[in-house]
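Heads up: the protein sequence lines correspond to chains S and P, in order.
Sequential numbering from 1 applies to the first sequence in the working numbering.
Sequential numbering from 1 applies to the second sequence in the working numbering.
Rather than coming from a laboratory, the hints here were simulated on the basis of the structure.
Remember, predicted model here, so these are calculated numbers, not experimental data.
Hints are supplied without guarantee of correctness; some may be wrong.
Negatives, chain S to chain P, calculated, CB over 10 Å [to be verified]:
no., residue
1, Glu-65
2, Ser-93
3, Glu-98
4, Thr-198
5, Gly-223
6, Val-260
7, Gln-388
8, Lys-400
Derived CB-CB ranges, DEER-like [to be verified]:
no., chain 1, residue 1, chain 2, residue 2, range
9, P, Arg-52, S, Lys-336, 56 to 66 Å
10, S, Ser-289, P, Cys-36, 38 to 48 Å
11, P, Arg-19, S, Lys-110, 57 to 67 Å
12, P, Lys-98, S, His-406, 56 to 66 Å
13, S, Lys-400, P, Asp-109, 49 to 59 Å
14, P, Arg-52, S, Tyr-100, 42 to 52 Å
15, S, Lys-365, P, Ser-13, 41 to 51 Å
16, P, Thr-101, S, Lys-365, 24 to 34 Å
Don't be surprised by glycine CBs; every beta carbon is placed ideally from N, CA and C.
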Amino acid sequence: MHERTYDVAVIGGGAAGMAAAVEVRRQGLSCAIVERENQLGGILMQCIHNGFGVQEFKKELSGPEFAEEFMDMVADAGTDVFLSTTVDSIEESEQGKELYCYSRKNGVVKLNAQAVILAMGCRERNRGNIRTPGTRPAGVFTAGLAQRLVNVEGYIPGKNVVIVGSGDIGLIMARRMTWVGAKVHGVVEIQPYPAGLTRNIVQCLNDFEIPLYLSHVVSRIEGKNRVEKVTVSPLVNGIPDEDQSFEIPCDTLLLSVGLVPENELSENAGVEISPITSGAVVDSTMMTSVPGIFSCGNVLHVHDLADYAAEEARRTGAYAVAWLQNKKPARQLRIKAGANVRYVSPGMINPELPDKLYLRTLIVKNNAQLVMKLNNNIVKERKLSHVQPSEMVSVKLTKKDVEDWHAESDSVLEVSVQ
Amino acid sequence: MSAPETKEMICISCPISCRMTVYEENDSIVVKGNKCARGKVYGEEEYLAPKRMVTCTVATDSEEFPRLPVRTTASIPKETIDELLQELYSLNIKLPVKRGTTLIENYHDTGVDVIATMTLPGRA
Ligand SMILES: Cc1cc2nc3c(=O)[nH]c(=O)nc-3n(C[C@H](O)[C@H](O)[C@H](O)COP(=O)(O)OP(=O)(O)OC[C@H]3O[C@@H](n4cnc5c(N)ncnc54)[C@H](O)[C@@H]3O)c2cc1C
Ligand code: SF4
């Protein structure tokens, strides 16, 4: 059995894993990335559209370009990379952690590390998660799988397409399928507002006159071997209305109904998972409930921008290094998601070392107000010109912000949006 | 230009997504519904000559990496996109190729190139 020892081991080599590893190396500790695919980059490698890197690189790049910028940094930093290697379990040992991995080439590989950073990304929800009645014909794909088929493998999954869910992956695929010669007959969204970014609605649907059916559901999927048609129904008082239903003939259905962090490995290692984000519960240093195991990127909570995932991961790398150097926060305050806020990540804040918080709202609103309260006193307010659930809000807290907080150790910071 | 028409559009310059009406009046372009100056600029350009970035993949001579992702270096007039796509789909790129390699130079005198956005190795 191969065995190697590092200060820090990073699981997953997407935007988050690479950014975390580069930071660990920059601070002089040894570090390895374990990636199950045969290349680094993660989901970025199939996202060939542009819209990446505006924050990190101050230019608009495609996914692969963004990834390659990081791959160069990983190589320059002298990070060890194990490709085509899957981490199967994380065990506690006297020296720290043991990662049991397997690869076709090397069989079982054991990595010893003092600290572990989880960066495994997320996977797509599929039909099982959304339960549509009807037959079970071929031709139903998740949008991300279809994206991989078209962009990486060069295989076009169908000619007449209906998209379920208006998440960004589905919208991007509506344009992509149109550009490879397929006809996209519509996007069906259960909510009264689109899940994806407006610029994707404009550039991926409106440009091609693809109808967006809001407050509609696909109520039936039919076909013998392959999908032949779907029934689309408007929701009236929350129930599909039979009378106003209509059929769309099609051979392909793409599901774009959301992403879920991939945390089986973390759970088996004893990491506590939040029922709201489906990601790990982390403290102000991005450390999970298991000391020495950290989490960042899409495996922690779903990020809409790779830039955010990378930024968060870089801080996580720095926190892992600090933890190894025994720099631990003297106290941390719990953060509570208040009115109209789905979650705040991380769920704790160190009043001596305030940092960035990410949050998602439950509402769509222009001219909203972010309000932070400590023990029911307002400590910070900020105007938000526009909020919607699909757009993550980031809030940077500085030393100055927390100067006169007078926090007790049991104080709770409540974050709400009005 | 043909008879002036009125266009309804959504400004995508920021997430507020103002709904705007744009039309021509006395030789100038009128933008209504924008909350700020950026909306006027967007509305005028979108009215006169809408442009888009193009990203797609082209065929390669490799079995292991059959598709090479590419993009335009800037946005191009919307009506030229289909023709560009046809031209790109007729290419077959010999690997290896480096990210940033120009595949089509100065497409139809637009000053816009098409470049590879991924580094792909040749046969091992
Ligand atoms: C279709 C789509 C479109 C997007 N569009 C944009 C956009 O326009 N602009 C933008 O900025 N962002 C966009 N994003 C978001 C952005 O791409 C992601 O937030 C970001 O890339 C996530 O990075 P990550 O490292 O957390 O996860 P991932 O990229 O998913 O990386 C996780 C890696 O971990 C590996 N892994 C998982 N489990 C194991 C294991 N057990 N052992 C070893 N390796 C493992 C996986 O193989 C994978 O490579 C988009 C995302 C998607 C899906
Ligand atoms: S007009 Fe201004 S405020 Fe409105 S969407 Fe455009 S950039 Fe945003």
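Which numbered hints does this structure break?
As far as the earlier hints go, 1, 4, 7, 9, 15, 16 are violated by this structure, in ascending order.
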